[in-house]
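Each chain, letter by letter, is given below.
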Amino acid sequence: MTLRLRRRTALLGGLAAPFVSRLAAAQTGPIRLGTLTPQTGAGGPYGPPMVKTVQSVVAEINAAGGVLGRKIELVSEDDETNPDSAVRAARKLIDVEKVSAIIGTWASAVTTAVAPLCWENKVMLFTVSGADSITKLPHNGYIIRTQPNTYLQSGMAAQFLAKSGAKSVFALSAQTPFAVDSYNRLADVLAAGGAKALGDVIYDPAKTSFRSEIDQALKTKPDALFLNSYTPDLAVILRELYRAGYEGKKFTYGYAANAKLIESVGAEVAEGLISFAPSPDLDSPSYAKIKALLGNEPDPYSCQVYDHISLAALAIAKAGAASGLAIHDSVRAVGNPAGTKVTDAVAGLKLLAAGKDVNFEGASGPCKFTALGDIEGCRFRFDIAEKGKYRLLSLI
Amino acid sequence: MIGDFPQLLINGLLAGTQLAVPAIGFTTVFAVLRFPNFAVASHATIGAYAGYLANTALGLPAGAALLVAFLVAGAFGVASDEIVLRRLRTAGPLTVAIASVALTIVLENAVRFAFGNDPRGYDLAVLRDWRVDLGWLGRVRIGPQQVINAGAAAIAMAVLFGFLGFTRTGKMMRAVADNPILAALKGINAETVARLANFIGMGLAGYGGMLIAMDTAVDPLTGFRVMLSIFAAAVVGGLGSIPGAVLGAFVIGVGEELSVLVFDPTYRTAVGFFAILIVLTLRPRGLLGERAV
Amino acid sequence: MENYLLAMAVFAGCYALMALGLNLIFGLAGMVNLGLVGFFAVGAYASALLTVKLHLPMLVGWAAAIALASLLGAAMALITARLRGDYLAIVTLGFAEVIRLAASNEIWLTNGTDGISAIPAPGRGVLSPLLFNLQFVVIVWAVVGLAAWALARLSAAPFGRVLRAIREDDMIAAVAGKRVLAFKVQAFALGAGLLGLAGALYAHFNAYIAPDGFQPLITIYVVLALTAGGTGTMRGAVLGAVLVIALTESTRFFGGVIPWLKPVQFAALREAAIGLALILVLYYRPDGIIPERIQPQEPA
Numbered sequence: 001m002t003l004r005l006r007r008r009t010a011l012l013g014g015l016a017a018p019f020v021s022r023l024a025a026a027q028t029g030p031i032r033l034g035t036l037t038p039q040t041g042a043g044g045p046y047g048p049p050m051v052k053t054v055q056s057v058v059a060e061i062n063a064a065g066g067v068l069g070r071k072i073e074l075v076s077e078d079d080e081t082n083p084d085s086a087v088r089a090a091r092k093l094i095d096v097e098k099v100s101a102i103i104g105t106w107a108s109a110v111t112t113a114v115a116p117l118c119w120e121n122k123v124m125l126f127t128v129s130g131a132d133s134i135t136k137l138p139h140n141g142y143i144i145r146t147q148p149n150t151y152l153q154s155g156m157a158a159q160f161l162a163k164s165g166a167k168s169v170f171a172l173s174a175q176t177p178f179a180v181d182s183y184n185r186l187a188d189v190l191a192a193g194g195a196k197a198l199g200d201v202i203y204d205p206a207k208t209s210f211r212s213e214i215d216q217a218l219k220t221k222p223d224a225l226f227l228n229s230y231t232p233d234l235a236v237i238l239r240e241l242y243r244a245g246y247e248g249k250k251f252t253y254g255y256a257a258n259a260k261l262i263e264s265v266g267a268e269v270a271e272g273l274i275s276f277a278p279s280p281d282l283d284s285p286s287y288a289k290i291k292a293l294l295g296n297e298p299d300p301y302s303c304q305v306y307d308h309i310s311l312a313a314l315a316i317a318k319a320g321a322a323s324g325l326a327i328h329d330s331v332r333a334v335g336n337p338a339g340t341k342v343t344d345a346v347a348g349l350k351l352l353a354a355g356k357d358v359n360f361e362g363a364s365g366p367c368k369f370t371a372l373g374d375i376e377g378c379r380f381r382f383d384i385a386e387k388g389k390y391r392l393l394s395l396i
Numbered sequence: 001m002i003g004d005f006p007q008l009l010i011n012g013l014l015a016g017t018q019l020a021v022p023a024i025g026f027t028t029v030f031a032v033l034r035f036p037n038f039a040v041a042s043h044a045t046i047g048a049y050a051g052y053l054a055n056t057a058l059g060l061p062a063g064a065a066l067l068v069a070f071l072v073a074g075a076f077g078v079a080s081d082e083i084v085l086r087r088l089r090t091a092g093p094l095t096v097a098i099a100s101v102a103l104t105i106v107l108e109n110a111v112r113f114a115f116g117n118d119p120r121g122y123d124l125a126v127l128r129d130w131r132v133d134l135g136w137l138g139r140v141r142i143g144p145q146q147v148i149n150a151g152a153a154a155i156a157m158a159v160l161f162g163f164l165g166f167t168r169t170g171k172m173m174r175a176v177a178d179n180p181i182l183a184a185l186k187g188i189n190a191e192t193v194a195r196l197a198n199f200i201g202m203g204l205a206g207y208g209g210m211l212i213a214m215d216t217a218v219d220p221l222t223g224f225r226v227m228l229s230i231f232a233a234a235v236v237g238g239l240g241s242i243p244g245a246v247l248g249a250f251v252i253g254v255g256e257e258l259s260v261l262v263f264d265p266t267y268r269t270a271v272g273f274f275a276i277l278i279v280l281t282l283r284p285r286g287l288l289g290e291r292a293v
Numbered sequence: 001m002e003n004y005l006l007a008m009a010v011f012a013g014c015y016a017l018m019a020l021g022l023n024l025i026f027g028l029a030g031m032v033n034l035g036l037v038g039f040f041a042v043g044a045y046a047s048a049l050l051t052v053k054l055h056l057p058m059l060v061g062w063a064a065a066i067a068l069a070s071l072l073g074a075a076m077a078l079i080t081a082r083l084r085g086d087y088l089a090i091v092t093l094g095f096a097e098v099i100r101l102a103a104s105n106e107i108w109l110t111n112g113t114d115g116i117s118a119i120p121a122p123g124r125g126v127l128s129p130l131l132f133n134l135q136f137v138v139i140v141w142a143v144v145g146l147a148a149w150a151l152a153r154l155s156a157a158p159f160g161r162v163l164r165a166i167r168e169d170d171m172i173a174a175v176a177g178k179r180v181l182a183f184k185v186q187a188f189a190l191g192a193g194l195l196g197l198a199g200a201l202y203a204h205f206n207a208y209i210a211p212d213g214f215q216p217l218i219t220i221y222v223v224l225a226l227t228a229g230g231t232g233t234m235r236g237a238v239l240g241a242v243l244v245i246a247l248t249e250s251t252r253f254f255g256g257v258i259p260w261l262k263p264v265q266f267a268a269l270r271e272a273a274i275g276l277a278l279i280l281v282l283y284y285r286p287d288g289i290i291p292e293r294i295q296p297q298e299p300a
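Residue numbers (the numbering used here), protein chains in the order written: chain S, 1 to 396; chain B, 1 to 293; chain A, 1 to 300.
Hints were generated in silico from the structure; no laboratory data involved.
If you're wondering where the values come from, they're calculated on a predicted model, not measured in any experiment.
Glycine included, C-beta positions come from ideal geometry on N, C-alpha and C.
Hints are supplied without guarantee of correctness; some may be wrong.
[As the list claims (entries may be wrong)] No more than 27 Å apart at the CA atoms, straight line, and that leaves these computed lysine-lysine pairs for BS3-like:
1. S:Lys289 to A:Lys53
2. S:Lys71 to S:Lys52
3. S:Lys260 to A:Lys262
4. S:Lys71 to A:Lys262
[Unchecked claim] Derived Cβ-Cβ restraints for the label pairs, each shown as a range:
5. B:Arg131 to S:Tyr151: 36 to 46 Å
6. B:Ile148 to S:Val180: 48 to 58 Å
7. S:Leu282 to A:Glu2: 29 to 39 Å
8. S:Thr220 to B:Ile148: 50 to 60 Å
9. B:Arg283 to A:Ser250: 46 to 56 Å
10. B:Ile148 to S:Leu282: 55 to 65 Å
11. S:Ser164 to B:Gly135: 50 to 60 Å
12. S:Asn296 to B:Ala190: 46 to 56 Å
13. B:Ile155 to A:Tyr283: 32 to 42 Å
14. A:Ser250 to B:Arg131: 50 to 60 Å
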């Protein structure tokens, strides 16, 4: 009897060993955090500025003394915009690099693939993916998402469209997980606002020409087009619309309409394009900081990962420990409305070290999260492209 | 929907001219070197970037930039063949074909290494479409840029035909393509002709790549996106036949456009695949080409 | 680190199965197939859908994966049987693309680009990650061992000899009275079945599959594996698969060594390394990708 018990205890002890050693390592030595972003593949344009932003925040924090007296070590992996490579990269980050958090997964398929690895290993996942299904996974609080979900975004877009006087809207969507959901929500809210959704064409973003899809759209004689696209295909579509002589309104998401888009298509083709994005308080100094770092209007993803890394650092300071579990437990506590408002990690860390509470409001929005990990709400900004520049149209 | 037919047909014909140039390049290399060189994808991208640099950094107009695209891609074609592919030729066409797949991966990433992933655009005016009334057929819109591209493609094809038909070097190339053994017996240097074929073939891929990029965007995946359609065009027309490549390009271009009458638009690339299957099953040599069996 | 190595061993096992499948199709029977990832995807989706949507047991899913992939392989062989190698390369490439497009588009069936989550596997959520991975390593490599043994037997048997004869020269084999088409179809179907099984194993290990995960690059990895390991031998296929995973994963660790590169440049280098590896293997393997020569029969 005793022998059997001892063997079982030994076996259980052996099983627990990896966890124990991870915990032990987590008490001293550098804090390890990871980024998993698309450096190659379809999301390739978005990954590099995201990593640059996170690196700069880490450098700033380390220069000011680190967190809990420990430096942050950042490990960056390429997910190749494909869930197969992403899983292997995530396993390396989790099992070899022993990171406490993974920041910046972009493609919804990548996030969905990597999420179970994170929650099974108690590693915090901060994502910019928008698909509604992500926060509905059984993640036990290990996912924080700073991108407003599809429901929220398309609802906002539709409201604005209806209010701006559009009466008939046609949608062109790239083939993504949220294309259909997005259109359905759009149609519902438009109808409530007295406008009509005329139809939706889903296209393969890898194609080089969308003439037929655009013909289909223009045939319905819409007075507004909703372009659910990414920058590369948006550029092609805008050129096609210009050639076709389309004079109506054009709406798209802010992540597609960045500075590079105007560079790519030219001022005349982009003229009149209205884009919308979740917005922070525009006087936010962190927003200005990212702008200075990247050299142009910060894209929404860079703003979000700025918040991810800041939240992670602050949560670690608040919890007094650097494990994924610690971040998981404290990430909402650093957004305490009763605390002092801060917009960057270094200032927040100082306050936390002095025992004060902080209310972190980030570059992408107020960073307040529901139990499921979605943002509670955020402001939206609407910009219009005029003469080669974006002008703020309204902030709601 | 049937009323869309004229517009779809025109879209298809214009798309076909875009595909024709790189398809000719692909088939030219096949005709002389006897293997499918999958690296046309990356050479198309290289041409697009070369033209981009010529246009934006050196301020050259479209025509001159296209010439630069041709020359730079052609040079890369010769170099990559000399350095990478040439010594595998003795191992057989399949080995070289697989090596060309590896080569295209390396070159695409070299471009990514140098330029990053951001899509770039040329410094060229975007022109509004012409609206043409075809009477009972309805109204169609035709893009002047497309027509210019078609013209550029036609010029390239004319020059190529002239070269192959009327110059001594061109005739040498055709001789090697038709009958390498006899050509060698007649003293034609196979290596010179091979280099020429690579230069012209990959140069055309680059030229075509810039034409496509003018319509879409310049990024590391520019050539890769159209790869399957280019192969389809060349295979349908008959590998090794240059007029075949042109015909095949139109078949694929029109086929992809007309397919929206029947299929979901996202399946357009599948059209190329089915076209290949159908043609090879019913007519193994392709429309104008040699036997595939 | 152990968890990671065990997981990579599972992936290596999946690639080994695929390389064995390719060895049968190309190494033994001489038919080019650049559409490997298509059969892999078909197997993965078949098993995932049956277990997630219809709640059938995992083994049924695996059987379905093999069956469906084999069926498609047979169909492909029938259609393309008479084509020359380079044409076959292009056609099979297109096939894989169509499979990916169908998976993205037919949302009613495959959930589209959202992918299929929560694919069941024995002990998921109950066993610790370490034990779960270990269990899968055992399962996958047992399958690999079985497949390699079975294929080696097949290769030595009359079936294998006929395939090799067909590979060397269709005409002679036909003249000798062998029904060439039937043999080709069988070989393609069997090989495709192995690819489908690899897909099923992959799906259950990863718990999630999506169309974007089935990129043409996977086909290149398998071709590299077979070429590096030695086309024609079962041992070579398995060895090559391990080498490829070792290559793709070990390059991750060099980022620290060259810190002045931007992440996108490092990523480009890693991908280029695969292409370079394939080219080098083609140079230095004495027979390149030509399978082993037929040994002359000993005189009676």
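Okay, the hints, checked on the actual structure:
no., hint, verdict
1, S:Lys289 to A:Lys53, "violated, 48 Å"
2, S:Lys71 to S:Lys52, "holds, 18 Å"
3, S:Lys260 to A:Lys262, "holds, 19 Å"
4, S:Lys71 to A:Lys262, "holds, 22 Å"
5, B:Arg131 to S:Tyr151: 36 to 46 Å, "holds, 40 Å"
6, B:Ile148 to S:Val180: 48 to 58 Å, "violated, 38 Å"
7, S:Leu282 to A:Glu2: 29 to 39 Å, "violated, 49 Å"
8, S:Thr220 to B:Ile148: 50 to 60 Å, "violated, 30 Å"
9, B:Arg283 to A:Ser250: 46 to 56 Å, "holds, 48 Å"
10, B:Ile148 to S:Leu282: 55 to 65 Å, "violated, 43 Å"
11, S:Ser164 to B:Gly135: 50 to 60 Å, "violated, 39 Å"
12, S:Asn296 to B:Ala190: 46 to 56 Å, "holds, 53 Å"
13, B:Ile155 to A:Tyr283: 32 to 42 Å, "holds, 40 Å"
14, A:Ser250 to B:Arg131: 50 to 60 Å, "holds, 59 Å"
Hint violations for this structure: numbers 1, 6, 7, 8, 10 and 11, all remaining hints satisfied.
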